[in-house]
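Student: Given next are the chains, with one letter for each unit.
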Amino acid sequence: MVPITVEALIKIAIFLFVMMTAAAYLVLLERWMCAWIQDRKGPNRVGVPLTKIKLFGLGQPLADGLKMILKQEYTPAHVDKVLFTLAPIVILAAALATFAVIPMGSILPADVAFGYLDRPVEMIVAPSVDVGMLYVFALSSLAVYGVILGGWASNNKYGFIGALRSSAQLIAYELPLGLGILGVVLVANSLEPEKIIREQASTGLWFAFAQPLGFLVFLVAAFAEAARLPFDLPEAEQELVGGYHTEYSGIRLLLFLIAEFLHMVTASFLIVILFFGGWHLWGLTGANVTDVTWFQSIARVGVLTVKVLLLILFFMLVRWSWPRFRFDQLMTLAWKVMLPLGLVNLVVVAVTQEYHASIIAALEGLGGQFTLTACIWLVSILSCIAIAIIAPRSGDNRPRFYQLPLRGQA
Amino acid sequence: MKSDDPNIKWLDEPKLGLAGRLYLPLVVQGLTTTTRHLFSKKVTQSFPEQRPTFGNPLIYRGVHRLNRDEQGRVKCVACFLCATACPAHCIDIVGVESPWPDREKYPESFVIDELRCIFCGMCEEACPVDAIELTSLFDLTGRSREEMIFDKEKLLSVYDQTKDAEPMRSTTGRDHVEPAPGKST
Ligand code: SF4
Ligand code: SF4
Numbered sequence: 001m002v003p004i005t006v007e008a009l010i011k012i013a014i015f016l017f018v019m020m021t022a023a024a025y026l027v028l029l030e031r032w033m034c035a036w037i038q039d040r041k042g043p044n045r046v047g048v049p050l051t052k053i054k055l056f057g058l059g060q061p062l063a064d065g066l067k068m069i070l071k072q073e074y075t076p077a078h079v080d081k082v083l084f085t086l087a088p089i090v091i092l093a094a095a096l097a098t099f100a101v102i103p104m105g106s107i108l109p110a111d112v113a114f115g116y117l118d119r120p121v122e123m124i125v126a127p128s129v130d131v132g133m134l135y136v137f138a139l140s141s142l143a144v145y146g147v148i149l150g151g152w153a154s155n156n157k158y159g160f161i162g163a164l165r166s167s168a169q170l171i172a173y174e175l176p177l178g179l180g181i182l183g184v185v186l187v188a189n190s191l192e193p194e195k196i197i198r199e200q201a202s203t204g205l206w207f208a209f210a211q212p213l214g215f216l217v218f219l220v221a222a223f224a225e226a227a228r229l230p231f232d233l234p235e236a237e238q239e240l241v242g243g244y245h246t247e248y249s250g251i252r253l254l255l256f257l258i259a260e261f262l263h264m265v266t267a268s269f270l271i272v273i274l275f276f277g278g279w280h281l282w283g284l285t286g287a288n289v290t291d292v293t294w295f296q297s298i299a300r301v302g303v304l305t306v307k308v309l310l311l312i313l314f315f316m317l318v319r320w321s322w323p324r325f326r327f328d329q330l331m332t333l334a335w336k337v338m339l340p341l342g343l344v345n346l347v348v349v350a351v352t353q354e355y356h357a358s359i360i361a362a363l364e365g366l367g368g369q370f371t372l373t374a375c376i377w378l379v380s381i382l383s384c385i386a387i388a389i390i391a392p393r394s395g396d397n398r399p400r401f402y403q404l405p406l407r408g409q410a
Numbered sequence: 001m002k003s004d005d006p007n008i009k010w011l012d013e014p015k016l017g018l019a020g021r022l023y024l025p026l027v028v029q030g031l032t033t034t035t036r037h038l039f040s041k042k043v044t045q046s047f048p049e050q051r052p053t054f055g056n057p058l059i060y061r062g063v064h065r066l067n068r069d070e071q072g073r074v075k076c077v078a079c080f081l082c083a084t085a086c087p088a089h090c091i092d093i094v095g096v097e098s099p100w101p102d103r104e105k106y107p108e109s110f111v112i113d114e115l116r117c118i119f120c121g122m123c124e125e126a127c128p129v130d131a132i133e134l135t136s137l138f139d140l141t142g143r144s145r146e147e148m149i150f151d152k153e154k155l156l157s158v159y160d161q162t163k164d165a166e167p168m169r170s171t172t173g174r175d176h177v178e179p180a181p182g183k184s185t
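Read top to bottom, the protein sequences are chains A and B.
Take the first sequence: its position 213, counted from the start at 1, is 213 in the working numbering, and no numbers get skipped.
Take the second sequence: its position 99, counted from the start at 1, is 99 in the working numbering, and no numbers get skipped.
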């Protein structure tokens with residue numbers, strides 16, 4: 001019998017390898033997306049090392065990584081040396097630790113372990129953590145410490161401004177993020193990712209369709225938490241050189257960049273798990289929990305991976321689609337738009353959840369669940385419009401205290 | 001800036017319509033644009049495999065060449081006008097008495113430091129006999145500084161290389177210049 005610890009260690013090893021490779025290749029994907037959107041071809045030269053085989057540039061991550069590792073590891077004289085080194089480690093450790101409770105698929109049948117195990121293998125490092133979601137959010141808040149430490153230790157104005165922005169932004173968006181998942185948690189009755197997926201698999205109704213408003217709020221907040229464009233103010237190149245990692249170089253910069261990518265991957269996983277049914281796909285993966293066929297368990301991994309990849313592609317597409325928000329617009333969006341929308345969502349979900357049976361019964365003649373969902377959509381769209389009218393997102397924020405009397409003359 | 005300066009005109013941001021305030025329609029609009037570009041034809045020219053295309057190679061300012069006349073001699077008359085015009089001072093000419101009857105001087109040595117050259121084309125403009133020209137060779141490389149200092153032979157060989165693809169811009173040599181009306185020679 002393999003002790004649980006060994007099982008977990010094996011999972012961690014596999015998982016670290018997969019994540020690091022994935023992060024490297026996602027960088028390549030990102031560069032390709034960027035190039036294609038700008039009508040360029042993107043990196044296509046580096047192939048198998050020491051040969052002339054180009055392989056569509058698939059060797060690029062290796063070259064990028066090597067470059068980063070071989071670069072001079074420069075520590076400026078004016079930095080706080082301990083914190084300066086600690087910051088990238090903190091941020092990467094937090095980003096990686098998040099994945100402990102994120103399922104990479106569902107379960108594998110027990111015969112995968114060649115008789116060493118008598119139970120199905122769960123494809124998650126730490127199975128059955130009841131507070132999984134809380135754990136994720138706690139750790140993703142911890143990531144901001146990496147950013148702040150980095151910015152503070154750099155002793156550089158750009159780094160510091162980046163860190164300040166980052167903390168303000170992450171704190172502001174923590175709220176909509178929480179409101180977004182609150183609706184899901186209310187319905188699924190659990191904070192455990194696997195249970196949330198199972199809930200969606202058993203009803204067949206993904207939460208993105210059941211709670212469009214919650215999905216919207218969570219999506220925007222997830223973008224902001226991952227500090228991706230259009231919310232990448234912490235490292236706005238045009239304003240802040242490199243933001244909080246201005247002073248970093250070499251491996252420590254690499255750690256920061258990987259952590260940033262992992263944030264995006266985490267966000268994609270969360271969105272898929274919370275709102276797109278995780279490994280569930282109608283008619284293909286089944287909803288059975290404890291006993292799966294080999295086909296089902298592989299299909300679940302495939303479905304989850306494809307969904308997450310699609311979401312990552314969406315993240316990248318968005319990055320090259322819109323300009324960055326101004327900081328006041330960012331805050332307006334969080335506090336005046338996302339917060340009320342999240343509250344509306346919460347109320348709607350709470351009401352439908354409490355009176356679910358009687359509402360379905362009342363709507364019996366009209367198609368029950370379908371009409372209910374349609375009503376929820378209607379409410380969502382109406383509240384979006386209402387918010388749009390009440391709280392405009394753009395604002396002329398020029399100081400105009402002195403030219404007001406001039407208005408009449410002009 | 002004084003607040004009562006009449007020259008200041010304050011403009012207000014245009015008011016957003018409902019679509020702009022909702023933001024989501026514009027989000028979709030942005031996504032459509034990028035998605036369209038994602039699949040559109042790429043403009044990249046893969047350089048070593050594929051020679052880039054120019055608008056007009058005849059007016060491109062690349063490596064210099066020294067033109068030859070009909071008899072294959074260097075056309076330059078060592079008048080130093082190009083060296084004088086050159087803002088980078090990278091042309092070095094040694095003019096000596098010409099062995100040919102049709103001109104007084106010719107360059108014994110004619111050296112251009114291509115590393116100092118800024119490829120402005122002033123030399124080409126200045127030359128009275130169109131002896132120096134800039135070709136469309138743009139991928140000039142060398143492994144040492146010495147290699148990038150082009151002497152007369154090298155510049156003439158550039159001419160031999162490019163004369164078919166890029167004919168001399170002026171075929172009227174010095175001998176063919178019409179005398180200005182009303183002036184006797
Ligand atoms: S191109 Fe300009 S810089 Fe170069 S040799 Fe001619 S005059 Fe000098
Ligand atoms: S290349 Fe032209 S301008 Fe330069 S010395 Fe010769 S004739 Fe004069």
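Simulated from the structure, these hints should not be mistaken for laboratory data.
Owing to the predicted nature of the structure, the values given are computational and were not obtained by experimental measurement.
Every residue gets a Cβ at the ideal spot worked out from N, C-alpha and C, and that includes glycine.
Take the hints with a grain of salt, since some may be wrong.
[What the hints assert, rightly or not] Partial chain B-side listing against chain A, Cβ under 8 Å, derived:
no., residue
1, ARG21
2, LEU38
3, LYS42
4, LEU81
5, THR84
Student: Run every hint past the structure and note whether it holds.
Tutor: We went through each hint and held it up to the structure:
no.: 1; hint: ARG21; in the structure: holds, 4 Å
no.: 2; hint: LEU38; in the structure: holds, 5 Å
no.: 3; hint: LYS42; in the structure: holds, 5 Å
no.: 4; hint: LEU81; in the structure: violated, 43 Å
no.: 5; hint: THR84; in the structure: violated, 43 Å
Of the numbered hints stated above, those contradicted by the structure are hints 4, 5, listed in ascending order.
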